[in-house]
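Asks: Sequences are here, hints too, so could you generate the full structure?
Spelled out from the first residue to the last, the chains are:
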Amino acid sequence: MQMNHFLKIVYLLIIGYSNLFSQIKLDVSTIPKRVDVYLDGVNLGTSPVLNERIKPGLHKFEIKKKGFAPLAYDLLVNPAQAIKLDFFLNPIYKIKFKTEEKGLVFELNGEHRWDVPFIRLELEAGDHFLRVFKIGEIIDEQTIRVDEPKRFNYYLKKPLTSG
Amino acid sequence: MKRIFNTLQKKYVIFLLMIIVNGCSSFKGPLYPEVIFNNRQPLISVTYEYGEIELILPLKYDAAVPDNILFKIYAQGDTLHPILSILQESPKELLAYLPQGVLDIQNNTNIIKIIPQDINFDPLTVRFKGIRFGRLTLPRKTIKMGQLIVSGTTYLNKNDSLIGGVSVSLQSYDNIIHSTRSNESGSFQIAIPGEYKYADYLRIVVGENLIFKPFIEKLDFSQNRKMKMKIGLGPSDDMKEPLYMTNKNNVHFRESPEIGSETLFLLKEGEVVSVDKVTPGEYFGFIEVSLDNNKLVQLEGWINRTDLRLLTFQNIYKILID
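Protein chains in written order, with this note's numbering: chain A, 1 to 163; chain B, 164 to 485.
No wet-lab data here; the hints were simulated from the structure.
A quick note: this is a predicted structure, and the numbers were derived from the prediction, not measured.
There's no promise every hint is true.
To be verified - Now the stretches of chain B that chain A is said to cover, found in silico as 3 or more residues with beta-carbon under 8 Å:
id : stretch
1  : 194–206
2  : 233–247
Said to hold, decoys possible - Selected chain A positions facing chain B (Cβ under 8 Å, derived; list incomplete):
id : residue
3  : Ala69
4  : Leu71
5  : Leu75
6  : Pro79
7  : Ile83
8  : Lys84
9  : Asp86
10 : Asn90
11 : Ile92
12 : Val105
13 : Asn109
14 : Trp114
15 : Val116
16 : Leu121
17 : Leu123
18 : Glu124
As the list claims (entries may be wrong) - Okay, derived cross-link-like pairs now, DSS-like style, lysine-lysine, Cα gap no bigger than 25 Å in a straight line:
id : chain 1 : residue 1 : chain 2 : residue 2
19 : A       : Lys94     : A       : Lys66
20 : A       : Lys55     : B       : Lys292
21 : A       : Lys84     : A       : Lys33
22 : B       : Lys391    : B       : Lys321
23 : B       : Lys304    : B       : Lys235
24 : B       : Lys292    : A       : Lys25
Yeah, the Cβ is synthetic: ideal placement off N, Cα and C, and Gly gets one too.
Replies: Following this line, the structure appears as structure tokens:
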């Protein structure tokens with residue numbers, strides 16, 4: 001009986017040892033730092049994550065931080081000694097949008113609409129597509145680039161000015 | 164004046180109430196209820212680090228060390244294309260670095276061929292199961308000199324017929340290193356470790372279990388580790404009957420029958436004598452002597468009758484009495 005128990009322990013140790021060496025060393029860094037990193041739904045801790053282990057195969061990384069666009073990334077991990085991942089989170093900027101034109105409806109990225117002359121928006125950094133409607137018709141289309149907190153002033157048929 | 168002051172005071176209170184109720188948004192404008200994403204591809208950097216396999220094979224040498232060894236490493240059962248070949252002076256251990264992922268890590272189909280650059284050594288093969296990366300130390304391998312092999316047949320000189328069950332031994336002086344017997348068809352093969360190549364007085368002794376004088380020959384493996392021999396036993400067909408055989412060691416083979424005549428040889432037990440003349444106490448006859456070139460010559464002489472017994476070929480094997 002004791003012998004069986006001993007053999008079971010030895011077997012588990014061998015399995016554990018072989019699993020240890022079948023895994024890959026994992027380091028995760030993020031910009032910005034101190035972000036919660038989730039691997040396959042399990043919280044690995046706050047970045048930078050060092051000396052974790054990952055098995056070869058398909059895995060899902062998720063990173064969330066207030067003020068940044070959430071990031072989900074599926075990665076097929078190849079057999080290797082180590083893998084290092086660097087995630088650059090996309091910031092969300094606070095934008096003020098103002099117009100003195102009357103009767104306009106604004107649409108951003110084909111789905112977000114407003115009709116007030118002054119509004120505060122939270123936009124992911126990068127390009128956004130603006131459409132302007134008047135009495136149900138498109139009267140203007142522009143791409144606006146967001147790379148910092150800004151205040152946009154809209155004038156009909158003129159490029160957006162920031163200031 | 165007081166009325167004006169009261170009106171201003173009322174307006175101020177209303178203004179304060181507006182600020183309290185609506186907060187600062189009444190100045191900043193409304194906040195759009197959702198964060199607006201543009202689904203931009205995130206910037207992600209993935210860096211793989213591939214490890215090396217440090218392969219170590221400790222080596223041990225028995226008796227002799229070859230000058231150089233060629234190591235060939237094959238992976239995944241492919242014995243045509245080595246992944247690495249190394250020629251080096253005989254090392255204490257083979258140390259090789261292989262890229263990650265080249266070895267079979269499930270089965271022992273990876274092979275190291277050890278090929279000593281010396282005719283006295285035989286190539287060796289080491290099979291092993293690989294690892295993904297890291298250090299892999301294999302069990303120590305002993306490199307020995309190749310075996311010294313003597314093979315051949317045993318036959319009767321009288322009629323060239325093959326005889327089986329004949330004892331064959333390799334000896335250094337009188338020390339038996341290894342012994343065997345020829346099989347039913349008269350063939351034998353005997354091997355001894357290669358280090359005996361340099362042994363003093365290495366010889367083959369055949370037929371000690373036969374009634375005849377055994378065949379003894381010095382062996383020289385300096386040129387070749389493998390020898391083939393056809394070993395004839397017993398008297399040749401040139402020996403005329405009746406045939407007698409010495410029945411003990413140190414039998415005097417004399418020049419003439421007279422007492423005090425010169426002894427030509429001291430014969431061992433089993434020496435065959437072809438008797439030609441008979442006197443009441445002596446036999447005159449011939450013995451066969453092998454020269455260095457394996458040529459047999461007959462020498463004549465006299466032997467005391469009591470030292471001989473009649474030879475018959477009905478049973479040529481010695482009868483062992485426990």
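Asks: Now tell me, hint by hint, if it's right for this structure.
Replies: A quick look at each hint next to the structure:
| no. | hint | result |
| --- | --- | --- |
| 1 | 194–206 | holds (count 10) |
| 2 | 233–247 | violated (count 0) |
| 3 | Ala69 | holds (6 Å) |
| 4 | Leu71 | holds (5 Å) |
| 5 | Leu75 | holds (7 Å) |
| 6 | Pro79 | holds (6 Å) |
| 7 | Ile83 | holds (6 Å) |
| 8 | Lys84 | holds (4 Å) |
| 9 | Asp86 | holds (4 Å) |
| 10 | Asn90 | holds (6 Å) |
| 11 | Ile92 | holds (6 Å) |
| 12 | Val105 | violated (14 Å) |
| 13 | Asn109 | holds (6 Å) |
| 14 | Trp114 | holds (6 Å) |
| 15 | Val116 | holds (6 Å) |
| 16 | Leu121 | holds (5 Å) |
| 17 | Leu123 | holds (5 Å) |
| 18 | Glu124 | holds (5 Å) |
| 19 | A:Lys94 with A:Lys66 | holds (13 Å) |
| 20 | A:Lys55 with B:Lys292 | holds (21 Å) |
| 21 | A:Lys84 with A:Lys33 | holds (15 Å) |
| 22 | B:Lys391 with B:Lys321 | holds (21 Å) |
| 23 | B:Lys304 with B:Lys235 | holds (15 Å) |
| 24 | B:Lys292 with A:Lys25 | holds (23 Å) |
The structure is inconsistent with the numbered hints 2, 12, although it conforms to all the rest.
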